[in-house]
Amino acid sequence: MIIQTMKEGAGLVVTVSGRMDAVTAPEYEQKFEEMLSNGETDFVIDFEKLEYISSAGLRALLSTSKKIRNKNGKIHLANVCGNVREVFDISGFTGIFQVHGSVAEALAVIAG
Amino acid sequence: MISGFSDIRIPAEPENLARLTAFLGACADASGCDASLKNNVLLSAEEAFINICSYAYSAERGDVSVSCGLRDGQLVVEMTDEGVPFDPLSAPVPDISPGLDERTPGGLGIHFIKKLTEGCISYRRENRRNILRFCFRCGSGEN
Numbered sequence: 074m075i076i077q078t079m080k081e082g083a084g085l086v087v088t089v090s091g092r093m094d095a096v097t098a099p100e101y102e103q104k105f106e107e108m109l110s111n112g113e114t115d116f117v118i119d120f121e122k123l124e125y126i127s128s129a130g131l132r133a134l135l136s137t138s139k140k141i142r143n144k145n146g147k148i149h150l151a152n153v154c155g156n157v158r159e160v161f162d163i164s165g166f167t168g169i170f171q172v173h174g175s176v177a178e179a180l181a182v183i184a185g
Numbered sequence: 000m001i002s003g004f005s006d007i008r009i010p011a012e013p014e015n016l017a018r019l020t021a022f023l024g025a026c027a028d029a030s031g032c033d034a035s036l037k038n039n040v041l042l043s044a045e046e047a048f049i050n051i052c053s054y055a056y057s058a059e060r061g062d063v064s065v066s067c068g069l070r071d072g073q074l075v076v077e078m079t080d081e082g083v084p085f086d087p088l089s090a091p092v093p094d095i096s097p098g099l100d101e102r103t104p105g106g107l108g109i110h111f112i113k114k115l116t117e118g119c120i121s122y123r124r125e126n127r128r129n130i131l132r133f134c135f136r137c138g139s140g141e142n
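Each protein sequence line maps, in turn, to chains A and B. At position 44 of the first sequence the residue is numbered 117 (our numbering), and the sequence of numbers has no breaks. At position 135 of the second sequence the residue is numbered 134 (our numbering), and the sequence of numbers has no breaks.
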């Protein structure tokens, strides 16, 4: 798993590539801990290059999202597609996150 | 172990997930699974493997044996461990309806396997072993 970040005006765009599984999910949580402690609050997570996610990945996504919301931050997802989309659908995650068709769309919603 | 199937034996530690994924990915490819079905195989296997690491071997360490092959046009995966009795099919069904703040993690793994295998999953306890078998509509159907 590779996590890249880029500041884009209204929020921080976090691009996650590769696999979010039982081994790599803790890295995801740790990265968000760092970003939150650096004062970041509003995130767009781009899953276009995410090839695989398991329940461990979803748990990491859920727990970090709760931490962001506890700090009155915003979390929006973009490009949830393919295998990842299927996992979102069967776990009910599609309905609990704000999922957008593109990063630009998600940023526009955050900017309000 | 199933005769005619390829198999692997690995220590039940999450760090060995990549070995399991490589083994089953090769099996899925050799069986003619498309990319989507291959993902279903790998996802189901991860969930089953992590459950075994967490519950069957919660107190002591041990190995997992994995067999994979085609039978009657279906890709069959069998995972065997020598841990304490653990039937993942008896786990409660998670409620997937709550919103973000109410949603609790857990229970999703076995839910995934049941969904992705379309119910083709069985558990048995035999000779002090847990044996979990699951299958997928995969391959040409000519085998």
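To be clear, the hints were calculated from the coordinates, so they are not data collected in a lab. Even for Gly, the Cβ is constructed at its ideal location relative to N, Cα and C. Be aware that a few hints might be false.
[Claimed, not checked] A few chain B residues facing chain A, derived, Cβ under 8 Å: (1) 14; (2) 35; (3) 38; (4) 49; (5) 98.
- Query: Which hint numbers doesn't this structure obey?
  - Reply: Nothing - there is no hint that the structure violates, so all of them hold.
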